[in-house]
Every structure is written in C-alpha cells, then in structure tokens.
Amino acid sequence: MAFWNRRSAKQTEEQAWLTVLAPVSGDVVRLNDVPDPVFAQRMVGDGAAVNPTSDTLVAPVDGTLTNLFPTGHAAGITTDQGMEVLIHIGMDTVELKGQGFEKLTEQGQRVTTGTALIRMDLETLRTTAKSVVTPVVVTNMAQIEELVITDQPHVEAGKDWLFKVKIKRG
Amino acid sequence: MVEKSITIQNKSGLHARPAALLVQEAGKHPCNIWVRKGDKEVDAKSILGIMSLAVACGDTITVKTDGQGEAEALAAIVQLIESGLGEA
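Protein sequences appear in the order of chains A and B.
Using my numbering, read the first sequence as starting at 15 and increasing by one per residue.
Using my numbering, read the second sequence as starting at 4 and increasing by one per residue.
In case anyone wonders, no lab produced these hints; they're calculated from the structure.
Hints are not guaranteed to be accurate.
Taking lysine-lysine and the DSS-like style, the derived pairs with C-alpha atoms no more than 27 Å apart in a straight line are [unchecked claim]:
1) Lys43(B) to Lys117(A)
2) Lys182(A) to Lys31(B)
3) Lys43(B) to Lys180(A)
4) Lys144(A) to Lys40(B)
5) Lys111(A) to Lys14(B)
6) Lys40(B) to Lys111(A)
7) Lys43(B) to Lys111(A)
8) Lys14(B) to Lys117(A)
Between the sequences and the hints, there should be enough to build the whole structure, so can you do that?
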C-alpha cells in the first residue's frame, strides 16, 4: 500500500507543475530586463524571455492555440489544465502590422510541444522592431504558486525548458 | 445582468498591452464579466480570451457583467476602454 501511495503522491506532484519549453532558440532574458514595462512589470504575466536566434516559433506547451494574433506577432496556448501561455515576439511589434511574420497555423488548432506556429524574418525584424526579445508568460498569474526559471544562459527551441510553474490547487 | 457596447479606438486594437489593462480591471470585480465581438464571447478576466477576439480599431465590442457589483464593474470597464486603455 505504501508503495502505491508514494507513487500517486509523486504523480500528483508532477501534474502540479507546468513545464514551458523555449519557443525559439536564443539567450535567456529575465522579464525585468525586457524593454517594455508591460512585460517587465509582469502586467501580462510571469515567465521569462528569449532573445531569438532561430526563426521558427514553436509551441512551448501542449494545448489549444487559443490565440494567434492576426498580425502574427503573438500566440497564446491554453493547456488542458487551463493555464494560459502567451508568447509575444518582440516589443511594439503589433505596429508592424504583420510585416516580418508568417503564420504557420490557425487560431483554434490543437498544438503539441514543438508544433511550428510562426515564422519570423529575423533579419528584417532586427531593423524594424524596437526589440526582438520574446517574452513567454503565463497570463493567469493568480494560479501560480511558484516559478522556476532555467539557469542555462542559452536554450534550444522545443528542446530545453525555459521555466516551470507550480500550479495552485483550486 | 447588464451590458454595454463600445467602439475600440486603440489604433492596433486589443493587443497585449490594452488586453492586460482590461483584464487587470476586470479582475478587481467579483462578478462575471464577458466581452463579445460578433458571435464570439470570452471571459474578460482572460488575456488570451480577449486577444483571441482579434479586436481591431473601429470594431464594436459588448461588455457584459453579471453578479455582485455588476453595474460598477460595467461602468469601470467602459470608462477604462473610453480612456484608451493606457494608449490615449
């Protein structure tokens, strides 16, 4: 009995954490260092950012692509547990009206970790965008009990985890 | 339940920044709050929900509140949207 109890406790513990992978490859940037107060002050959510070196943005978690903004500069996934993960490519990039972004899927689709979502023309964006730093945040912050950010300076898209959040029990 | 329609004036529509401000205000109220555009209605306390409406400048949305303090919540949200959601 003790064996089974331990096992189920371990499973519960695993389910309570959401692991968010890097959606792009690049150097890890703390939200505090993101050049937009909306993200730096965690108004949108808590997480971490990546300064991208790869041009394909992939899903960092499994879930439903609740939001693929028409301009292609932001994507949001809702996990089966109801956690919302928003990826925002660059700063003030909504103003580029889609230039430099190519949507590779559609809003409402089921996605799994690694599904390609958006292709970015990084060369263009580096000249047209205020910044290409890409925050990845959990927007339902009230449900976060703990957040752990990777201590690796560099992450690979779809392979390395960027941060993990412990989800509060309802 | 009360509701009110309002036209969005933000030049880039309801993207991350205005959506965050809207959700922040909605979260202060205990009642249920929804935003509707066309036939799609979402929870106003969800940033992804708001962004999924893809509200563009000039679009009309309807804010609906139901429950404790619904009138105050509706007034506060409508006022925030009219003030430009931090982008005026």
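Now for the hints, and whether the structure bears them out:
no.	hint	verdict
1	Lys43(B) to Lys117(A)	holds, 22 Å
2	Lys182(A) to Lys31(B)	holds, 20 Å
3	Lys43(B) to Lys180(A)	violated, 31 Å
4	Lys144(A) to Lys40(B)	violated, 30 Å
5	Lys111(A) to Lys14(B)	holds, 11 Å
6	Lys40(B) to Lys111(A)	holds, 21 Å
7	Lys43(B) to Lys111(A)	holds, 23 Å
8	Lys14(B) to Lys117(A)	holds, 22 Å
Hint compliance for this structure: hints 3, 4 are not met, and every other hint is.
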